[in-house]
Amino acid sequence: MSEEQDYVDYVTGALPGLRRIAHLLCRDPHRADDIVQNALTRLYVHWRRARNADDLDRYTRAILVRSFLNERRLAWARMVRLTGGPEDVPAVPAADGPDVETRTVLHTALQRVPPRQRAVLVLRFLCDLPVAEVAEILGCSEGTVKSQTSHGLTRLRTLLGEEQPR
1177 MSEEQDYVDY VTGALPGLRR IAHLLCRDPH RADDIVQNAL TRLYVHWRRA
1227 RNADDLDRYT RAILVRSFLN ERRLAWARMV RLTGGPEDVP AVPAADGPDV
1277 ETRTVLHTAL QRVPPRQRAV LVLRFLCDLP VAEVAEILGC SEGTVKSQTS
1327 HGLTRLRTLL GEEQPR
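Using the working numbering, the first residue of the sequence shown is number 1177, and each one after it goes up by one.
Derived from the structure by calculation, the hints contain no laboratory data.
Mixed in with the good hints, there may be bad ones.
[Unchecked claim] Taking lysine to aspartate or glutamate pairs in the EDC-like style, the calculated list, with each CA pair at most 16 angstroms apart, reads:
1. K1322 / E1309
2. K1322 / D1304
3. K1322 / E1312
[To be verified] Here are the in silico distance ranges between beta carbons for each label pair:
4. V1184 / T1334: 38 to 48 angstroms
5. R1224 / D1304: 21 to 31 angstroms
6. N1228 / T1278: 38 to 48 angstroms
7. D1230 / D1275: 36 to 46 angstroms
8. S1323 / E1179: 35 to 45 angstroms
9. T1334 / G1189: 33 to 43 angstroms
Quick reminder that beta carbons are idealized off the backbone N, C-alpha and C, glycines included.
With the hints as extra help, turn the sequences into a complete structure.
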């Protein structure tokens, strides 16, 4: 099988999960698709190295999260805010869990958490990844992941109006 076919086969299987993570990170289906496309382009460019990685899914998630964080640093991402859109855009399927209202409130609050903390929270709690894997994806220490998790949860609790634990 050719390298290109290996890439196509991998991306075909991984795409729904990557779209879900990107959507959780930015809550905008169009931006999520852009972030996934950017990540998949980078993956294609480095496919020889990527397919030899110990864990290809982890390698790909790292590219995706870094694409999100890099995109957030660009000036246009802070200045251009498009709202609305075509009604026929399919939504990313939601995971089983809380009702729609609770999920909407949580995702709205999550968007107000700083991007790096949001990435940690999404990877740790919504993707259920261990601290060590999140640290590897973000290129930081496990202690940084733990502190970002703590700060992110504190910010999220504040935004949701919950009492802070003492």
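Okay, the hints, checked on the actual structure:
no., hint, in the structure
1, K1322 / E1309, "holds (12 angstroms)"
2, K1322 / D1304, "holds (14 angstroms)"
3, K1322 / E1312, "holds (13 angstroms)"
4, V1184 / T1334: 38 to 48 angstroms, "holds (44 angstroms)"
5, R1224 / D1304: 21 to 31 angstroms, "holds (30 angstroms)"
6, N1228 / T1278: 38 to 48 angstroms, "holds (42 angstroms)"
7, D1230 / D1275: 36 to 46 angstroms, "holds (39 angstroms)"
8, S1323 / E1179: 35 to 45 angstroms, "holds (40 angstroms)"
9, T1334 / G1189: 33 to 43 angstroms, "holds (39 angstroms)"
Hint compliance for this structure: no hint is broken.
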